[in-house]
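Novice: Chains as they are written, first to last, in my numbering: chain A, 1 to 156; chain B, 1001 to 1316; chain C, 2001 to 2264.
Simulated from the structure, these hints should not be mistaken for lab results.
Idealized CB from N, CA, C, for every residue including glycine.
Any given hint could be a false lead.
[Said to hold, decoys possible] Here are a few chain A residues that sit away from chain C, every Cβ distance over 12 Å (derived from the structure):
#1 Trp9
#2 Ala25
#3 Gln72
#4 Thr102
#5 Gln130
[Said to hold, decoys possible] Pairwise CB distance ranges, derived in the manner of DEER restraints:
#6 B/Asn1104 - C/Arg2042: 34 to 42 Å
#7 A/Arg55 - B/Asp1158: 50 to 58 Å
#8 B/Arg1114 - A/Asp7: 45 to 53 Å
#9 C/Leu2247 - B/Lys1055: 27 to 35 Å
#10 C/Leu2057 - B/Gly1062: 36 to 44 Å
#11 C/Lys2015 - B/Asp1147: 36 to 44 Å
#12 B/Pro1294 - C/Arg2042: 27 to 35 Å
#13 C/Arg2010 - B/Gly1062: 16 to 24 Å
#14 A/Arg127 - C/Glu2185: 14 to 22 Å
#15 A/Ile71 - C/Phe2214: 27 to 35 Å
#16 A/Ile18 - B/Asp1219: 47 to 55 Å
#17 B/Glu1290 - C/Arg2042: 52 to 60 Å
#18 C/Phe2214 - B/Phe1136: 33 to 41 Å
#19 A/Ile18 - B/Asn1104: 48 to 56 Å
[Claimed, not checked] So these bits of chain A aren't anywhere near chain C, every CB distance computed over 10 Å:
#20 Asp7
#21 Phe13
#22 Val14
#23 Gly29
#24 Val43
#25 Thr91
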Amino acid sequence: MQRSTLDLWVGLFVVGGIGALLVLAMKVGNMSGIGVSESYPLVAQFDNIGGLKPRAPVKSAGVVVGRVAAIQFDNEKFIARVTLNIDKHYTFPKDSSASILTSGLLGEQYIGLEGGGDTVNLNPGDRIRQTQSAVVLEKLIGQFLYSKAAEGGDKK
Amino acid sequence: MLLQRMARFWHIAVRRAPRSDCDSTIQPLKSPACGVFPRIARTFAVPDKNIIEIKDVSFAYGKRPILTGINMSIPRGATVAIMGISGSGKTTLLRLIAGVMKANQGEVWVDGQRVNDLDGAGIYRLRRRLGMMFQFGALFTDLSVFDNVAFQMREHTDLPPAMIRDLVMMKLHAVGLRGAHRMMPAELSGGMARRVALARAIALDPMLMLYDEPFTGLDPIAMGVIRNLITELNSALGATSIVVTHDVQEALEVVDYVYYLSKGKMVAHGTPDEFRQTTDPLVRQFVYGEIDGPEAFHYHARPLAEDLRLSAGGDN
Amino acid sequence: MAIHKGLSLRGIGAKAIDSVLRLGYAARFIARTAASSGTSLRRPRLVIRELYFTGVLSLIIILVSGLFVGMVLGFQGYHTLQTYGSESALGVLVALSLVRELGPVVAALLFASRAGSAMTAEIGLMKATEQLSAMEMMAVDPIARVVAPRFWAGVISMPLLAAMFSAMGIFGGYLVGVVLIGVDEGSFWSQMQSAVDFREDIMNGVIKSVVFGFAVTWISLFEGYDAPPTAEGVSGATTRTVVTSSLAILALDFLLTAFMFRGV
């Protein structure tokens, strides 16, 4: 085997391998999406975050506008403090609301942002006042049973 | 051009290496004037100093003794054979000299250095001045003949590629295989591989050449070629040579002095002539290849009658 | 007699001690290899040469297997997903299974049987034919000159091969799912892109393949270096390389996956 042919093949091999990694990153993964652009933080407090995870998407009108950066527990108020990284291109009014939603029946959980009508926008680091916690299935079922029982009581 | 000139010079150097009637390659060392070590006369530096001194050396693998109480001294420029039947410890002795293993007892001195004391780096420094030819050549199968011979030059020197090329061609020319420099070891015959191994071993002009079974498995012609090359190259290099072998007749023609090992002990030593005319039954059996003798034909066993159940009370 | 010896308590104990000894020796071997990597750094040509033998020569089997695994995933995934009416998630299924698991694991298994066994056989043969001793006699450390370049070549080529395997597999899944069966192309890619995370999925896959490359190369080189210098010894070592590597890959995969999910 000539030296140059060997080098050529090894070069092709390395280029092909790195190319495959790039394809995976760009075409298959969401590297080309929100992850790389600059963002600013917002804070939201929830009574219950359900199954929300860091890096879960933040969507507004179904469009991904940011990601969950961190989830902390506030040991004084016993609530969850969620930090969101929002893409710099998007701004939201001060009275916007954040709710924890589920994609599909059993899909992953994400944060939905709904814009308000205020003329002043949220600044980096601000807190979103209006929040709606995650729907917890057990509570939902509990409520359902309770209301059914109440209905039954009425009928008697 | 330069290459051709250098090659011619090398060829002449080999041919015109000083020769007395003592180191003829064809005839056995008969002339009494040559003495025990005929080549000492020609050697240059520190003629009174032995290059190898082995003092009361013992070596064992675990509890199994391989060598016991070996004493040996080899003067500079001599060609010495270490002989013995398989398993007599001769290869181990060679390894002790090369520092592959260290003696449990006694001292091994090579070129004024006590091998027992050398650390890894010291042993590597020593080995750069040793050349070793292995039993079946041990050529690097993934490298061409040229690259095999150039291996040490590339690893240990910063010589420019052009000079390495010239040197390799000279070494290959010396063993008559300049034309085969592009071939791969797999394409070589046994004898050719051995010659390339020889060229590789002398690549850095070593002061001490070690040959591990250089004649094993060769046809008579190849054997003659190797035998010739060993003597010629050594006289050209002025190196000391140690040949470990059990090819008695070949070795007796090549060397100045013979050490005979049996079961890890040095049982006899002398000139080749002394060996040929020996009366020692152990050595005699070895030199003349007698089937039975002190080395018994039969492995230790119970008496034959017992094994065949012919003993007197034999109906059990 | 032999069977009895093999089954006896003493036999088991001796075997256990022997394994621990070998493990210790293997650890020292890899430490020495890492310590004598200087030669490989100074002379990258040595590594490039080995990259050819470990990487380039494994390409065919990796690419073809990747394509087929992806195509099978396409069929199976479609078959399962369509019962829930969610064929559009086929891209997610194919991509996630390849990037997270099958890519690194199957590529490593193939690598062990293609390149790993070749490395063991080559080094074992070099030992059996005294090439390693000859090298040592020429004051060249075989660990630095022979083992270390192969080690680095193995560690470098494994993630590249795994990435190529995954990419090829996703292409195979695309061929079957979109081109052959007719799943919507847009949802195939877009769902995949929104579900596959670069750090969580792709980088974790790369980390896995680096670990597998390290393990397989280590096992292959050690088995070769430690092989008895005979024909039987070398062939036995080659078999052991494939068996031990495969077990190591699967065990490590379990550990890494558990670790990575916990880290989420």
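Novice: Are the hints correct? Go through all of them and say.
Specialist: Comparing the hints with the structure gives:
no.	hint	result
1	Trp9	5 Å, violated
2	Ala25	6 Å, violated
3	Gln72	16 Å, holds
4	Thr102	15 Å, holds
5	Gln130	27 Å, holds
6	B/Asn1104 - C/Arg2042: 34 to 42 Å	38 Å, holds
7	A/Arg55 - B/Asp1158: 50 to 58 Å	54 Å, holds
8	B/Arg1114 - A/Asp7: 45 to 53 Å	47 Å, holds
9	C/Leu2247 - B/Lys1055: 27 to 35 Å	52 Å, violated
10	C/Leu2057 - B/Gly1062: 36 to 44 Å	42 Å, holds
11	C/Lys2015 - B/Asp1147: 36 to 44 Å	43 Å, holds
12	B/Pro1294 - C/Arg2042: 27 to 35 Å	56 Å, violated
13	C/Arg2010 - B/Gly1062: 16 to 24 Å	20 Å, holds
14	A/Arg127 - C/Glu2185: 14 to 22 Å	42 Å, violated
15	A/Ile71 - C/Phe2214: 27 to 35 Å	34 Å, holds
16	A/Ile18 - B/Asp1219: 47 to 55 Å	54 Å, holds
17	B/Glu1290 - C/Arg2042: 52 to 60 Å	57 Å, holds
18	C/Phe2214 - B/Phe1136: 33 to 41 Å	35 Å, holds
19	A/Ile18 - B/Asn1104: 48 to 56 Å	55 Å, holds
20	Asp7	7 Å, violated
21	Phe13	5 Å, violated
22	Val14	7 Å, violated
23	Gly29	4 Å, violated
24	Val43	22 Å, holds
25	Thr91	23 Å, holds
Hints 1, 2, 9, 12, 14, 20, 21, 22, 23 from the list above are not met by this structure, while the remaining hints are.
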